[in-house]
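*Asks:* Chain by chain, the residues:
Number of protein chains: 2
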Amino acid sequence: MKQYDHPLAQDLQLSCLLYALSDPFRLEVVCKLAACQPQPCAPLQDGRPKSSVSHHFSVLRKAGIIRTEVVGVTHMNSLREQELESRFPGVLAAILAVARAGDVPA
Amino acid sequence: MKQYDHPLAQDLQLSCLLYALSDPFRLEVVCKLAACQPQPCAPLQDGRPKSSVSHHFSVLRKAGIIRTEVVGVTHMNSLREQELESRFPGVLAAILAVARAGDVPA
DNA sequence: CCGTTAGTTCGACTATAGTCGAACTAACGG
DNA sequence: CCGTTAGTTCGACTATAGTCGAACTAACGG
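Listed in order, the protein sequences are those of chains A and B. Counting from 174, one number per residue, gives the positions in the first sequence under my numbering. Counting from 174, one number per residue, gives the positions in the second sequence under my numbering.
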């Protein structure tokens with residue numbers, strides 16, 4: 174399998190970023206990635222079928238939020254933090270801070 | 174017409190806020206409001222039919238981003254900046270800063 | 001009162017996003 | 001090679017969001 178295409182930081186759209194993060198599952202994935210990078214998709218599935226998970230990762234990838242690298246048989250995901258920070262200063266950081274704070278486990 | 178109901182700051186959801194701002198028209202409305210508050214809906218219509226505009230204002234209202242007060246025959250909208258800042262510190266400010274920077278008129 | 005202004009609500013339509021099973025693909029491991 | 005692991009792609013379905021015209025509503029202004 175070839176490596177993935179990732180959009181250039183300069184081509185990213187704020188609307189797409191916000192949209193991608195407005196889904197609770199995707200936001201959670203991003204939070205978990207922020208806590209532990211890089212990570213394959215599997216541990217983040219949270220009980221969903223692989224095809225759904227794959228869809229969400231693809232949305233995050235197209236929004237420029239994550240980078241996926243094929244390493245052997247696993248696909249390692251990481252956040253494009255520096256690029257996002259230079260393109261959208263403060264945005265991801267503020268969102269992650271709030272999302273983490275809301276993560277109080279019941 | 175009665176005044177509107179606005180959700181309490183503590184009940185707001187980050188996902189809803191991000192979702193509301195992920196629509197380019199709504200983001201633009203929020204930017205314009207940030208520049209000039211309070212403002213009625215009419216000057217922000219941007220050529221769309223009233224029913225569409227009303228829908229978008231309602232989404233922003235339900236997400237807790239704007240407050241609408243009925244003043245005579247007009248409905249004055251303003252951002253709930255302080256409340257959003259205390260509920261979601263830094264989020265709106267960062268998004269607005271980026272959105273404004275991208276507002277380079279052609 | 002009656003017209004006007006400002007915006008909402010309703011309903012029908014369209015488009016898009018998410019969901020998931022099934023078939024597929026790519027690379028590793030023995 | 002052949003099975004396994006990890007994830008993608010496809011296609012069908014469902015649900016939700018946005019769009020807009022038409023009818024409505026609330027308050028003002030004369």
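Hints in this document: simulated from the structure, not taken from any laboratory. Some hints could be false.
Since the list gives no way to pick out one identical chain from another, each pair is judged satisfied if it fits inside one copy or across any two copies.
[As the list claims (entries may be wrong)] Mimicking DMTMM-like on lysine to aspartate or glutamate, the simulated pairs with C-alpha atoms at most 25 Å apart in a straight line are: (1) Lys175 to Glu201; (2) Lys175 to Asp196; (3) Lys205 to Glu242; (4) Lys235 to Glu201; (5) Lys175 to Glu258; (6) Lys235 to Asp178; (7) Lys223 to Glu258; (8) Lys235 to Glu258; (9) Lys223 to Glu256; (10) Lys235 to Asp196; (11) Lys223 to Asp184.
As the structure is a prediction and not an experimental result, all values here were calculated from the model.
*Asks:* Please list, smallest to largest, the hint numbers that this structure does not respect.
*Replies:* 1, 2, 5, 7, 9 and 11
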